[in-house]
Amino acid sequence: MTDATDGPVKIDRAQQFITALPYARALGMRIDELGEGVAVVSMPFADHLVGDPHSGVIHGGVVSALMDTCCGAAVLSHPSVRSSTATLDLRIDYMRAAKPGQRLSARAECYHITRSVAFVRAVTTDEDSENPVASATGAFTIEAPRHG
Amino acid sequence: MADRNEPLSQIKSRRDAALQALVAGVPFIRWLGIHFDRRGNELTAVLPFDEKLIGNPMLPALHGGATAAFLEIAAIIELSWTASWADVEEGRLIPDPTDPSSMPRLPKTVDMTVDYLRSGLPRDAYARARVVRSGRRYASVQVEAWQDDRARPIAQATGHFVMPKNG
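Chains as they are written, first to last, in the numbering used here: chain A, 1 to 148; chain B, 1001 to 1167.
For the record, the hints were derived by calculation from the structure and aren't laboratory data. A couple of the hints might just be wrong.
Computed list of lysine to aspartate or glutamate pairs in EDC-like fashion (alpha-carbon distance at most 20 Å, straight line) [stated by the list, open to error]:
| no. | chain 1 | residue 1 | chain 2 | residue 2 |
| --- | --- | --- | --- | --- |
| 1 | B | K1012 | B | D1037 |
| 2 | B | K1012 | B | D1111 |
| 3 | B | K1108 | A | D126 |
| 4 | B | K1165 | B | D1087 |
| 5 | B | K1108 | A | D93 |
| 6 | A | K99 | B | D1037 |
Please build the complete structure, drawing on both the sequences and the hints.
Put into structure tokens, the structure is as follows:
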């Protein structure tokens, strides 16, 4: 994902990458935008993802999976990253309940990168894109490229 | 004060009913296949391995989002369990295992900070949570997950929660 091909080809390849991750596939994640350390990943609502039976609101753990994946994709799309990545830590703030039935969309930005660590922040919204559902900040590893 | 001569089967069924009522109503807990082992009032959350939990198929390793969800669920259930324990034991709450509304509503997560310590193996994972502080409105919970070796946790987290009103 580090070559200089045009946007749609890159998104296609990234989508292949995401559908190769069983957990991201099980949640129905889709890459909507990708490049230069920024990623937008979205996923549909589903009844089996509900965390509060009284309100029908999706579980926070689903939102963290979406943001974790989106942050990882942002790191891998950074021009200087040529290897894989793993989450070191991720803090998530839940600002409001997502509307039941609505699609969730996360946007992550890798805002600083060193040789060993990428610093990322992300925001998730439902179909009301003006009012964030949750935000995240995290640190991700930059694995040393394998030789040979 | 609890009745020392209360039949053991009655004690166990009351406690298991309370746990069941907390967990059974949450679709996402069922979808992940998480269940809870209980020893007295101590809970251990169990996440049985499933192919869909994989996030890195090359290693393979559990998805960080699956681990985070597991920690959050372990923390929420522990918090709700701890907060309602006295009411269940003293008969002020009568849990019905088939009716989640027989127990208080679950706390709401304000924030969770997860540290990933080792990559999760394609095996069962376990988690135990500790309520560090529980007030009328807010609570702080620490939680740790491990797999084969209790001394080598795969992840730990701290979360803050808002307690449900009236309970």
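Going through the hints against the structure:
no.: 1; hint: B/K1012 <-> B/D1037; in the structure: holds, 13 Å
no.: 2; hint: B/K1012 <-> B/D1111; in the structure: violated, 33 Å
no.: 3; hint: B/K1108 <-> A/D126; in the structure: holds, 18 Å
no.: 4; hint: B/K1165 <-> B/D1087; in the structure: holds, 15 Å
no.: 5; hint: B/K1108 <-> A/D93; in the structure: holds, 11 Å
no.: 6; hint: A/K99 <-> B/D1037; in the structure: violated, 33 Å
The structure shown violates the earlier hints numbered 2 and 6.
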